[in-house]
Every structure is written in C-alpha cells, then in structure tokens.
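Peer 1: The residues making up each chain are set out below.
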Amino acid sequence: KNEVEQSPQNLTAQEGEFITINCSYSVGISALHWLQQHPGGGIVSLFMLSSGKKKHGRLIATINIQEKHSSLHITASHPRDSAVYICAVAGRDDKIIFGKGTRLHILP
Amino acid sequence: EPEVTQTPSHQVTQMGQEVILRCVPISNHLYFYWYRQILGQKVEFLVSFYNNEISEKSEIFDDQFSVERPDGSNFTLKIRSTKLEDSAMYFCATWWTSGANVLTFGAGSRLTVL
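Those sequence lines, one after another, are chains D and V. Per our numbering, the very first residue in the first sequence carries number 1; after that it's consecutive. Per our numbering, the very first residue in the second sequence carries number 1001; after that it's consecutive.
The following block holds chain V by itself, in its conformation from the complex (with noise of 0.2 Å):
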C-alpha cells in the first residue's frame, strides 16, 4: 500500500538552530499538508500545499517556517532559527480528491529543541 515516508523520525536541535524536516508524498497526490502536535495536545494544521504552491496557513506558519518541493517529489519543511516551543510531532499528509480519497499520514518527525 502506498505510504508517506517522513525523515527524520527524531531530530534533536539546538534553539536558534535550522530545521529541515523532509516528506516524500504518495506518487499521484496532488495536496500536501504539514501538521504538528504538541505533547499532549490536538493535532493542529500548519501549511496545505497545491500546485506547487501554499494554498492556505495558519497563524502558526510565521516567517520562520517556509515549504518547498526541491525537486518536484520531496517536500519539506524548513524552521529557519528553532524555538523551544516548536518541539512537537510534526506530520506531513497527502491527499488526492478522487479514488479512495484518503488522507494519508507519514509516521512522523519528533522533533525537540534543546
């Protein structure tokens, strides 16, 4: 079955630090999500990505967060000076609006600043 493959699954980072937080999506999805989940606390959206583009952020999704897809396939999340409170889960998520319609989930990348 198809999968979203996330790396790393855990990274540990010095505050003030850059991030890069990388998604390998589902071949034929056209819609990419980032999502993070803090310890205890709900599943909270960051960034959905369409057509090579950000189609809509939240709140959350400042200045120092950015997305991109390098190379067409990959598509990453970069935190460019780390914070303590960014420490959380962050998943990455595809979608495609026909077929099965399934959200699909990577497994994740912890990430913990220090």
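Next up, chain D with everything else stripped away, as it sits in the complex (with noise of 0.2 Å):
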C-alpha cells in the first residue's frame, strides 16, 4: 500500500521567508504531482514530476526517485501563497494517492 506523508502538517511564515515543505511516499511511481487548494475550495495542479526538478515563477519542485522524497519550495513567499499544498503519487495502477496537505499561512 502506497503511502503519502507530508511535512510540515502546518506552517506559518513571514512574507519573503525561502518555504520548503516535504512528501515522501513508500511505493514506486509513475508520477508526483503537486498541487495548492485555496480557502474556496479549488484546486489546482502546480506541477507534475518523474524525475529531477522543476520551476514556475517563484516555484520550484523537485523530486528525488531513490528516496521517494519530493519536495516544494517557495521563494519571496507572499500573503497570496497562502494555502493548502497536497502531494499526490500517480502509482503504476492509475490510482492517485494523496497526502494530507500542508497548511501555508504567510503573515503580512
């Protein structure tokens, strides 16, 4: 059984602050997304990973397949970013699993 966990669960920071949050996952692969869920609901995906790294903007992902460790860090974070962050894992079944999320707060 795949599964997800993220860390932190949690997370208020200062406007500007470099943020990093993790997602490990137990299983092989075929695919990391990361995606952000605002306070309305919606949710969009960021990026999807297979390997190596990834930037849009102020965002960049990375994954690392031998750990099954990914990560996501925002630089110049701002009041805007604030949101919940989900990891989920494309396994080889199709099946999407997805951690529990992380709750960004940036303080003005």
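None of these hints come from the bench; they were simulated from the model. All figures in this text were calculated on a predicted structure; none of them were measured in a lab. For each residue, glycine too, the CB sits at the ideal point set by N, CA and C. Heads up, some of the hints might be wrong.
[As the list claims (entries may be wrong)] Partner residues aside, some chain D positions facing chain V, computed with beta carbon under 8 Å:
| id | residue |
| --- | --- |
| 1 | H33 |
| 2 | P39 |
| 3 | G42 |
| 4 | I43 |
| 5 | I60 |
| 6 | I86 |
| 7 | K95 |
| 8 | I97 |
| 9 | F98 |
| 10 | K100 |
| 11 | G101 |
Starting from two chains that each stand alone, build the complex the way the hints lay out.
Peer 2: Next up, the structure:
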C-alpha cells in the first residue's frame, strides 16, 4: 500500500521567507503531483514530476526517485501563497494517492 | 485554457435519494478520476476510469457508487442511495499522459445530504 506523508502539516511564515514543504512516499510511482487548494476549495495543479526539478515563477519542485522524496519550495513568499499544498502520487495502477496537505499561512 | 467542468456546483438531497454528479472532461484527456473531500479532511481517491471502464477503485467506492460515460463525453458519478456520510466535495480530474501531463481538476460539486 502506498503511503504519502507530508511535512509540516501546518506552516506559518513571514512574507518574504523561503518555504519548503516535503513529501515522502513508500512505493514506486509513475509521477508525483504538487497541488494547491485555496480556501474556496478549488484545486490547481502546480507541477507534475517524474524526475529532477521543475520551476515556475517563484515555485520550485524537486523529486528524488531513489529516496522517494519530493520537495516544493516557494521563494520570496507572499500572503497570496497562503493555501493548502497537497502532494499526490500516481502509482503504476492509475490510482492517485493524496497526502493530507500542508496548510501554509504567510503573514504580511 | 482547457477546463474540466462539473455540475451541479452544490446539491442538497435527502438521505436515501439518488444523486448524479456530472463532469465534462478536457476533450483529449484519457484518464478520468473522481475524488471526494469531506469537510476538514484530506482528498480521497474514489475511482479511476480509462478506456471506458473502471481501472481502479478504492474501498470507499462500494456498490452504492457507479461511474459511466453515457454519451462518450460526460463522465458521471452516481450515488444510488445517499447517506449522511456522503456529504462532501466531489472533484473530477482528468489527465493525459503526454504533453503537459497536467492533472486538471474541476471546481468540485458540493453534496449535502440531510
């Protein structure tokens, strides 16, 4: 059974700080997704990774397949980054398992 | 930008009633998923659908649930006899394993069972 663990569960930081959210999983995967869920409930896909690193604006996502670990970084954090960030892994059986999410709150 | 459209956005129903939630996926996407999120809890996988059949389902997806593509485009989730604990936000997502490879979610359908 594939388990997805995220840390931290909650994170409060000051505007401008560098943010790191971690995700670990337990079995082989075909892809890993980082998702953002805003207070209104809508879910947006930020990245899909199967190896290496991706960057989009102030967001950077990395994955280490051997270590079964991924990180999402936010540089120069801003209050509008406040949201729940969810790691979701796609197994080889088409099932996508979600982590519990990290609730990020950026203070102005 | 292509969107996944879900209807209704909110449905209130009495316990024991049948509910159908609808999803219009992105046209060239091949993988379809239903998820649910009970208020305050994490998103849970319900079912994946590929090539017009269920490819994987979770233990939540019991005989009360069914999915189909009635007209080859819409993707529906039916709950035959709703229970109070079915109250949740239901998300449809679609994915195509090439191109941008982005898992695209609909805005969700909130189901309230009274």
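Peer 1: Of the hints stated earlier, which fail here?
Peer 2: When the structure is compared with the hints, numbers 2 and 5 turn out to be violated.
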